[in-house]
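**Student:** Each chain is listed here by its residues.
Number of protein chains: 2
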Amino acid sequence: MNQEYTFTFDKTPSCVRMQEEFPPIDRIWADFESIRGDAVGQILLVCDTHTEYIVRDILGTQDRPWCVLPSGETAKNWTAVEAILNAGKEAGLGRDGLFIGVGGGVVSDLTAFAASIYMRGTGLCLVSTSLLGMVDAAVGGKTGFDLFGMKNLAGTFYPAPLIYMPLDSLLSLPKAEWKSGMGELIKTAVLDETDALLERLRLLGPEPPNSQDRAGRERIFASIARSVQIKGRIVEADPKETGVERARLNLGHTFAHALESAAGLGQVSHGEAVAWGVVRACELGYALGITPGERGRAITSLIKGWAYETRAPHPLLEEQGRIEAFMRALEGDKKKKAGKLRFIVPLAQGVQAVSAPAIEAGLVERIICGALDTSRLIY
Amino acid sequence: MNQEYTFTFDKTPSCVRMQEEFPPIDRIWADFESIRGDAVGQILLVCDTHTEYIVRDILGTQDRPWCVLPSGETAKNWTAVEAILNAGKEAGLGRDGLFIGVGGGVVSDLTAFAASIYMRGTGLCLVSTSLLGMVDAAVGGKTGFDLFGMKNLAGTFYPAPLIYMPLDSLLSLPKAEWKSGMGELIKTAVLDETDALLERLRLLGPEPPNSQDRAGRERIFASIARSVQIKGRIVEADPKETGVERARLNLGHTFAHALESAAGLGQVSHGEAVAWGVVRACELGYALGITPGERGRAITSLIKGWAYETRAPHPLLEEQGRIEAFMRALEGDKKKKAGKLRFIVPLAQGVQAVSAPAIEAGLVERIICGALDTSRLIY
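Protein sequences appear in the order of chains Y and E.
Quick note: the first sequence uses the numbering used here, first residue 1, plus one each step.
Quick note: the second sequence uses the numbering used here, first residue 1, plus one each step.
Errors might be hidden in some of the hints.
Below, simulated DSS-like cross-link-like pairs (lysine-lysine); rule was C-alpha separation at most 30 Å, straight line [said to hold, decoys possible]:
no.	chain 1	residue 1	chain 2	residue 2
1	Y	Lys340	E	Lys11
2	E	Lys240	Y	Lys89
3	E	Lys89	Y	Lys340
4	E	Lys89	Y	Lys240
5	E	Lys11	Y	Lys240
6	Y	Lys11	Y	Lys240
7	Y	Lys304	Y	Lys175
8	E	Lys11	E	Lys89
9	E	Lys175	E	Lys304
10	Y	Lys11	E	Lys340
11	Y	Lys89	Y	Lys11
12	E	Lys240	E	Lys11
13	E	Lys240	Y	Lys11
14	Y	Lys340	Y	Lys240
15	Y	Lys89	E	Lys340
16	E	Lys175	E	Lys89
17	E	Lys340	Y	Lys240
18	Y	Lys11	E	Lys11
To be clear, the hints were calculated from the coordinates, so they are not data collected in a lab.
Next comes chain Y alone, as it looks inside the complex (with noise of 0.2 Å):
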């Protein structure tokens, strides 16, 4: 299966391939050339170590010049930043030059970010190698890494002109990976105008797919290219989060961001945390009166049977301390409006945005510790 979406964001088109292989070195080179309508002077591939096969045995990428960083969200620092921003200069790139980042999550927003301020931005193309990377990372402009033990304290806006989704790359995906993926795929389900992809995705279950069932890995794949278009069409509309169309993919990302912070960054995966936060998201609502129980429970519902942690508090906020880190941590969130924060929270269609003074003063606590009656009222 081939698809091809192109989507506009700040009248920068970026343009989403997803089919099976791998994409040879020469075709990217020569796509990147064809969309940007101006030549390329150099490349420069980063990978991490899990990706770094790859570079080196698939895409044809002998002799040209590549930057291994190390794996996991632990390395989503300045560190890798500056490795990349320095393999760059060593190898003479100019602002004409092309960023290539292969890999998951972890590296399109480093390569993203790195290609974003190297001489105030050179080109860049995103092999998304994992299933997190293609529903989320690599769509939608969203750099950055990870700052003082805060996630993205420092990224910019810089959507990708090409990206590239090897659905082959999926196969050999860890299950770890897989789940924290299909987090991020649950959430934009639940922004969905209808529950067409939730339904589907219940269908599916949570395994990754078999290579030899070629119609169930076909139903995957068309989850995932549902998916890359709810999102491309959300941002298309809101590009900067200026409004309030882009913050609804934060659904479940204000009560998750915090999770990672106060766990330590790297205890828990972005996707598990994202399914952990759209269930607190679903108890929020409930108990303002926004989320009626029934779509509660299907969403919350999914959720469990798929063996994600839903439970309040999340045992990695049991050790001492790890309720007020994680206050602290939602106190600092960049989504703050006018110093108020924003949570996103279902509705029977779709999702809605509240924050204070909607949202009395210590109910967001309550939920945390799982002190809520509501909580029980969901399941």
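Fit chain E to the known structure of chain Y by using the hints.
**Tutor:** Using the frame of chain Y, we list chain E on its own:
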């Protein structure tokens, strides 16, 4: 005198307020909210050891969070950026916050870069206190810092929506800073479609304004205002230097940045390097038959008359290996287009861009070494 200009860069309005006095902090806050059309959650003041007294004693900023950076070009590094980001986080700023940079070019570039990546972009106001800051760094949205010995290797385009130029701050400017700013002012004057600003500068002389000479001050202020206007109009036409329009502002800069890098960052002031680079651009243009000898003489005689270093090779390049370092820095220039260096050279009026193959191999090196006969012809 009060002047106000509003430029629009990629749909982002950027308002420049020239006035004699410093704006009080409450005025800055209110002005920014009115321009943004939305409330500011919290502010962070950024200054360096030279402008600390302004933040402490003049603006009325008691009890506001602030961050003091070391001063000078050598402080324009990631450590300084990190200090600003950390101060923002410690002060609890969200994306609805406002960074206010009070200082010259280095403080402007650093504060603007930090604002552009803090939570993917927060509010930015610049209070420009040096001549170089006013005529160069504050207007036009280029931000950045030096990395791996290369000027502005990392940076973004992030125009400040609000810029104050309190002209009183120029009265206490050290002579060396004045000379640096005047170098950029001469460069901008060469770009103008008429030589009116260049002729005006010739009448002014290279001295800083005397606080007693009101008429003299007003002439200088009018020259700064004209320079701000010329730069603003050029940037409006090509905000991200994707075309040729904004590249005109780089007159002398390809030479200047390579000199600054080869000499060691901070060894020569930016404006003095630019003045030296403009003379080299005149020589290059003359050698190529593009710059008329008369125009070359008019420009270089002003620069020489104001006691800028104009010789080739520059005294800082006389040490063993420095010419080679200069040529290497030149090769790494970020203004390369399709792998080729591009230079801006003066015409009878205004300037134009030239690149290889119009420039024969070795010509630039001969100019740098002073091995070109034309160097004598121009003066």
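**Student:** Return the numbers of the hints above that this structure violates; sort them in rising order.
**Tutor:** Numbers 16 and 17 - these are the hints that the structure violates, sorted from lowest upward.
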